[in-house]
Each structure stands twice: as C-alpha cells, then as structure tokens.
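Same order as they appear, the protein sequences are chains B and W. Residues in the first sequence are numbered from 44 upward in steps of one, following my numbering. Residues in the second sequence are numbered from 921 upward in steps of one, following my numbering.
These are computed hints drawn from the structure, not numbers from a lab. On a predicted model such as this, the values are computed, not experimentally measured, just so you know. Careful: at least some of the hints might be erroneous.
What the hints assert, rightly or not - Derived lysine-lysine pairs resembling DSSO-like cross-links, with alpha carbons at most 30 Å apart:
| # | chain 1 | residue 1 | chain 2 | residue 2 |
| --- | --- | --- | --- | --- |
| 1 | W | Lys1106 | W | Lys1022 |
| 2 | B | Lys179 | W | Lys924 |
| 3 | W | Lys1063 | W | Lys954 |
| 4 | W | Lys1142 | W | Lys940 |
| 5 | W | Lys1142 | B | Lys47 |
| 6 | W | Lys1063 | W | Lys1005 |
| 7 | B | Lys47 | W | Lys954 |
| 8 | B | Lys179 | B | Lys47 |
| 9 | W | Lys1063 | W | Lys940 |
| 10 | B | Lys179 | W | Lys954 |
| 11 | W | Lys954 | W | Lys940 |
| 12 | W | Lys1063 | W | Lys1106 |
| 13 | W | Lys1106 | W | Lys1005 |
| 14 | W | Lys940 | W | Lys1005 |
| 15 | W | Lys924 | B | Lys47 |
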Amino acid sequence: MSIKPEVVVMGASAGAIEAITEILSGLRERTGAPIVIVVHMPSAKDTHLATLLQNRCSRPIIEVEDKQPLERGHVYLAPPDYHVLVEDDTSLALSSEEPVNYSRPSIDVLFESAADVFSQLILGIILTGANQDGAKGLREILDVGGKALIQEPTEAHCRAMPDAAIATCPDARVMSLREISQYLNERI
Amino acid sequence: MNKKTHDIELRLLLEAIYLKYHYDFRDYSSASLKRRLALALERFDCETISQLQNRVLHNEETLPELLSYLTVQVSELFRDPPYFKALREEVIPHLRTYPSLKVWIPGCANGEEVYSMVILFREAGLEDRTIFYATDINAEALKRAEAGRYSLDRVGLFTENHRQSGGTTSLSDYYTAAYGAAIFDKSLKKRIVFSDHCLASDAVFAEVHLISCRNVLIYFRKELQDRAIGLFRNSLPRNGFLGLGAKESIRFSSHVGGFVDFNPTERIYRRRGDL
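So here's chain W without its partners, still in its complex pose (with noise of 0.2 Å):
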C-alpha cells in the first residue's frame, strides 16, 4: 500500500470521528494507533480506512466498538509490584496525615489499577476517607471497570502481584469465583466514581492528592503528554503525588519543572510549591 496515502486517510479518520463524535485521537502516536487500527480493518471487513472512515460516519453503532481497539486496554491487579511497595510504604505515610483523600486514576480501562488500589488503601486503613475517580474516555471500558470482573486464568498473576506489592491481606477475600471469572466485591465500588474524562478535551475537575497514570501517556505524542501533565499539575496540590508507568517520565515535558523527583525508580513524583 502507498505510505503517502494510508497516513492521509488515517490523518481524515481521526479528524473524522473528532468532528462527529467529539473523541480526540488526532495527537495519539501514530505507530501504535496503525497496528491497532490495521486489526480493526479485519475486524471490520474493510480494505482501507477510508472504508472504515465511511462507516464510521454512517453507522453510529461502529464507533464504540472501534473504540476498543483505539485505546488500549491491558494491564492486571498491581501490574509491576515494586511500584505499588513504593506507594505503600513511602506515598502513604504522607496521605495519612491527611483528613479526607481524593485519588485519580486517569485512563482507568477495564479497572485493574482502581481496584488494586482501593485493596491497597484498604490494607492501609484509609479506604473510607478516601474518593477514587476512575476516569476513561471509553463507555464500554467504564461498564467493565465497574462490573469489576476478570478471567480467572488471570487471577493467579494478580494474587502474586498483590504479594509481591507487600500486601497484608489475601487477595482472595476480595472476589468470588464464578464460571470462569472472578467478580470483585461490590465493597470496593462504595467509593468510587466512574466517569468519563478525557485528557485531550476536558479540564480540571478536583483537586486531588495521588493521581496515578501507568502506561496511558505512552500512547500519546509529546503535545498530548504535556497537555495531560498540565492537568495533572494542575489537579494536584503542593506536595501532591503523580505516579507514572515503570517506562514513562516527565524529563521530556515542558513541565518538569512542576515537579520533583519523589521515588524515581518507580516514577513517583510529587508536585513542586508555586514560587
């Protein structure tokens, strides 16, 4: 195929669904953004996007399910141990000293981060003065999120996450098996809040005191990034916690100097006092 031509109608799809359907891909990077749309091209029986491009357009229902191979998806309960070890043992001490607690997990998709969190702040005794926003800009992620359920072949990498994270409990007193899925407990839902959020369009909407965005900026170009950091900063107050993928990092932002190193090993950063 034509290079020239498959980024030009990649470049139409995305302005595309940005004017129909309010949804901002146009500053996703686009290597990834091509593999998965190359496998939404199959799943749609198309030839070109450009063919996507007009029945995206013309049928309202492809969008939702275009968007699950739009954004990505993956992850698992207390995905890269270490990281959650740091906030438990360096990021709570601090949050303790705190009467009520809001924390934001952007681009939550299907919900693995929110709830390893909620069991975390549990474990830690602060789940009942603490909000969660568990924010995507994907409907059907949101309704998978808070069905809380998961395969049960995946359960035994959860349960060794959660140990290896330093986890006082048994990651077992938190779901039930049923018919191959382990369904999590609707007492960890009391208090979350799912909500649709975009990083691309929407604005601040709370201050809050942990935000933490594992492997969501990789899938943005560097505009995006830094607009999304801005939000962050601005979401945060003095001394406020951000915590990054084990591969992501703020060096490359034009906000860096918003920000100081906190544990940087497990890119955890905290927000820097306005002069």
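If we strip away everything but chain B, and leave its shape as in the complex, we get (with noise of 0.2 Å):
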C-alpha cells in the first residue's frame, strides 16, 4: 500500500489562474493534506489572488505569513516577491533572496525544501507555464520518494513549463486539469 502525503506543492505561471481556479473549484470542503501554490505574477503586488481564487474554492486560502503554521483542509499561496520554504518543524517561512529562474517565489525552491522536510510523504504538481521553473523540484521531489503530477501538456495554456517537467521527470503521472482535481479528492 502506498503512503499518504501529508503536503501538497504546486506551481503554475502562464495561465495559472484558470489551471488553479479549476482544480481548486473541484475540491471537497475542508479536508486532506494541506496544499501550498507557488504562482508567478507579474510584481503587481497588490494584486489579491488570494481573494479572486477564494471565491471559487470551498477551503479557506490563506497568503503566507512567516512562519506559518500547515493546517489540514487549508490552501496556501505564496505572497509576491517573496520564496517560501519549508522549516524543519513544517511551517512556512519566507526568504527575499535573489530570483531562481527568474522567478520569486520560485517553484524550485519551494518544492526543494519540501521535498528535504517531508521526503516520501510529499505530492508536486506542475502545471502551466512558459518557463522550466519547478522541473527540477519535481524531479526532487521524485528522488526523494514522494509523488508528482504533471499538467497534460496539450490542455495547458502554455505547454513549456509541463514539458520541462516531464523532460526531467518521465515517471511523474500525467493528468488532466479534472483529473488532478479528483486524484486530490480521493487519494490525499
């Protein structure tokens, strides 16, 4: 039988709010592994992401503060121009270093330091994009025996970052937006 994960890491960019609002949408109230959403944004800072995807979605969304604390049935999102990484105790702390891939948040650095902190007990999922931020958390994530879902590339707005992903992991599942959504329901 295989493990549950106790955390869920995603990230998106191009075509992010569409992606994550339908997965979001599809979920049961309140319950499963905590998720944590890295989505690049233009540094518009006041934008309220955070906001415009609670709307849609059943579990309350929550933007990272430091050292935040997982909670079960809760959605996070990385705020803008901020990484967030996993502490040892599994709360969320926040890191203005330099970009990684261009990118802060970067996806890399979220799923590196979850993948170090929940090892097998641990789920990724890429989804759209037009860059190759998080192909090599998965494949970290992948390394260190937990699981990873990637975006079917012809479904996504902008197949560059799901490619990437598959590039550097072949043996991550490869599902459909819809899919996801209930792979999430049912197994985590």
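Hints given; two lone chains; assemble the complex.
Here it is in structure tokens:
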C-alpha cells in the first residue's frame, strides 16, 4: 500500500489562475493535506489572488506569512516577491533572496525545501507555464520518494513548463486538470 | 545524499562557527540556510558541509566570504513604497515632537534601508536632530553600506520606489553616477553610525524612537525572532515605533502583548507602556 502524502505543493505560471481555479473549485470541503501553491505573478504587488481564488474554493485560502503553521484542509499561497520554504518543524518560512529561474517566488525553491523536510510524504504538481521553473524541484520530490503529477501539456494554456517537467521526470504521472482534482479528492 | 547526515553536518558547521568565531547562526531558519550553503559549497568547491567545516576552522580567510552566503543582503531603496509613505505621513508627525531622535536599522546589510531613511528624514526636516544606527553582523556588508555605492541599473527601480513613497525631492539629488555605479552623497552619512551588532547575542545599546527591521526576522527561527523582538521592545521608549517587513508580524511572538498595532497593513507597531 502506498503512503498518503502529508503535503501537496503546486506550481504554475502563465495561465495559472484558470488552471488553479479549476482544480480548487473541484475540491471537497476542508479535508485533506494542506496545499501550498507558488504562482508566478507580474510583480504587481496588490493583486489579490487569494481573494480571487477564494470565491471559487470551499477551503480557506491563506496568503503565507512568515512561520505560518500548516493546517489540514487549508490552501496556502506564496505572497508576491518572496520565496516560500518549508522549515524543519513544517511551518512555512519566507525569504527575499535573489530570484531563482528569474522568479520570486520560485517553484524549485519551494519544492526542494519541501522535499527535504517531507521526503516521501509529499505530492508535487506542475501546471501550465512558459518557463522551466519547477522541473528541477519535481525531480527532487521523486528522488526522495514522493509523488509527482504534471498537467497534460496539450491541455495546458502554455505547455513549456509541463514539457520541461516531463523531460526531467519521465516517471511522473501526466493528467488533465479534472483528473488532478479528482486525484486530490480521492487519494489525498 | 542522506538527509540525516546532511542535517548533522549543518548543525556541526554552525556550532564550529560559533565556537571559533562567535557568530551565532544556530537559531537561523534552516530551510533558507541550507539553500545558501548549497551555493557556498559550489563556490568553495567542497563536496560536503563537513569539508567546508574543515576549511572554515583551519583557514580563517574563509569565514568573511562565507558570511556573505549565510546572510541575505538583497534589498532596494524605498522597498515597499507604501511602508515609507506610512512612515512619512503617519509616524513622522509623532517623531517631530521630540527635540532629538534616534533611529535603528538592525540587519542593514548593504545600506539601502538606512539611506532611504536618511533621505526621508531630510525631506521631513528632521535629519539634523537624528542619529541613525545602521548595524549588521557582517563586516563586509557594513563596508559596502558605508560606501553607499549601488549598480546604476538598479537606480531606475529606486527612483520609482522613492516617487511612490511620496518623496518630495528628486532621488538624483542624492547620488552621482560614475563607472556604472550610483554613489550616494557623503552628506547622507553625516548622521549615520555604522556598527557591528548581533541580534542573536548582543544586548540593547541605546534607547531609540524608531526601529525599522524589515526582512531580517524571516531568516530566524521563532526562538531567535523572540529574542530580537525582546531587544526591540527594550530599546524603545513607551510609544516608540517598530516597523517590520510586509509579511512579518509579531502575532506569533511571545512579546505580542508589548506592542499595539499602529498601522497593521504596513506592519508598524508602537511600544505599549509598562503596567
């Protein structure tokens, strides 16, 4: 029997809002492992992505503050202009280090630190995007024994990011957004 | 790499640095420390943290450069303009009532925040009655802060930030451009004291009216955050001001009762009077 992930980390870039909305709106209420999401946003700091997504999602959506503890059934969103990392005690820490893959927040930064703390108890998901952020981090998740899902590139608004992830992670499962949502409901 | 081994090595390295050089990173947030150490391993051409530890202990020239990896020095002039706008419009009117003022910028790194503050105080006509303490644990960073020299390609962003913060002068009044760098005017340093101070081990050194410590506490574990906020509390008089980074808060701190919200959106607090 496979082990149930205790945390889900998800990354998306161009086309992110539609894709994430579709996944979150399909989720059942307030159950399941916490989901931590990095979305690349143009550095418009007053975009209220959390509010926008909350309208379509029955789970509480929280913009991460420093040392935020993770709670089951909650969705966490990286704030603009900060990296999000997982601490040893599984709380979320922020960092304003240099951008990675031209991005802050960076998906690789979240995935790598989450893999380090949760090892096989983690599920990583890469969605639509026009760059390669996340491909390295998703590899790391698989290497520590975690699970990996990638959005079907032909369905993605921008297929570069799923393609890059498939290239580094041929052993990840490729799914449509609907299937990802279903997977989260049934398996997590 | 075996994760447990990696964690053991990290602890040993931090202990070694502490015992030999008295720099205390033991309560720094480990997630981002690990990331930056991975970069340091590449730079020093070491395969493991243990190798780096050997080098740090036996070659004293390693540490100053390693410090620049262990501490984060990324900032901008007037980073988060709304914060500086709130200082300008809401905090300055209170500070104006004091005949002399002290401002402390802990973890000043390369000095972007302290120059922003001096410019803001000059625009408000308060510079001449204020002393600015700019402190950091990293001697190299303090030197760079004192030099006040920033890459010219960052100045466009600084200028836009300054404008959005409600700046009443032109930022170009404060620097000269030469050889791809903007060098900030010497006169801005007249009232600044650059000094070595460690939030993990040093004590209160002055009573100050405003502390601006932004994006420093995020690199600390909760225990060390508590120590630092305790120091801030003991450095402020009743009603003194504390400004934190946009995503930092004293909400999770044991000193939360020592402060009252002043501008919650911009993370500006005031010291509560003792009962």
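Structure-based check of each hint:
1. Pair hint W/Lys1106 plus W/Lys1022 holds up; C-alpha atoms about 20 Å apart against a cutoff of 30 Å.
2. For the given pair, B/Lys179 sits about 22 Å from W/Lys924 by alpha-carbon distance, which is consistent with the 30 Å threshold.
3. For the hint pairing W/Lys1063 with W/Lys954, the CA-to-CA distance comes to about 26 Å; that is within 30 Å, so the pair holds.
4. Between W/Lys1142 and W/Lys940 the CA atoms are separated by roughly 25 Å; this keeps the pair inside 30 Å, and the hint holds.
5. At roughly 29 Å between alpha-carbon atoms, W/Lys1142 and B/Lys47 fall within 30 Å of each other, so this suggested pair holds.
6. Pair hint W/Lys1063 plus W/Lys1005 holds up; C-alpha atoms about 28 Å apart against a cutoff of 30 Å.
7. Simply put, B/Lys47 and W/Lys954 have alpha-carbon atoms about 26 Å apart, close enough for the 30 Å limit, and the pair holds.
8. The suggested pairing of B/Lys179 with B/Lys47 holds, with an alpha-carbon distance near 23 Å, which does not exceed 30 Å.
9. This hinted pair checks out: W/Lys1063 and W/Lys940 have alpha carbons roughly 23 Å apart, not beyond 30 Å.
10. The hinted pair formed by B/Lys179 and W/Lys954 meets the criterion: a straight-line CA distance of about 16 Å does not exceed 30 Å.
11. Taking the CA atoms of W/Lys954 and W/Lys940, the gap is near 21 Å; set against the 30 Å cutoff, the hint holds.
12. With a C-alpha separation of about 14 Å, the suggested pairing of W/Lys1063 with W/Lys1106 holds against the 30 Å cut-off.
13. Straight-line distance between C-alpha atoms of W/Lys1106 and W/Lys1005 comes to about 25 Å, which keeps the hinted pair within the 30 Å bound.
14. Between W/Lys940 and W/Lys1005, the direct Cα distance comes to roughly 43 Å. Violation of the 30 Å bound is thereby established for this hinted pair.
15. Simply put, W/Lys924 and B/Lys47 have alpha-carbon atoms about 22 Å apart, close enough for the 30 Å limit, and the pair holds.
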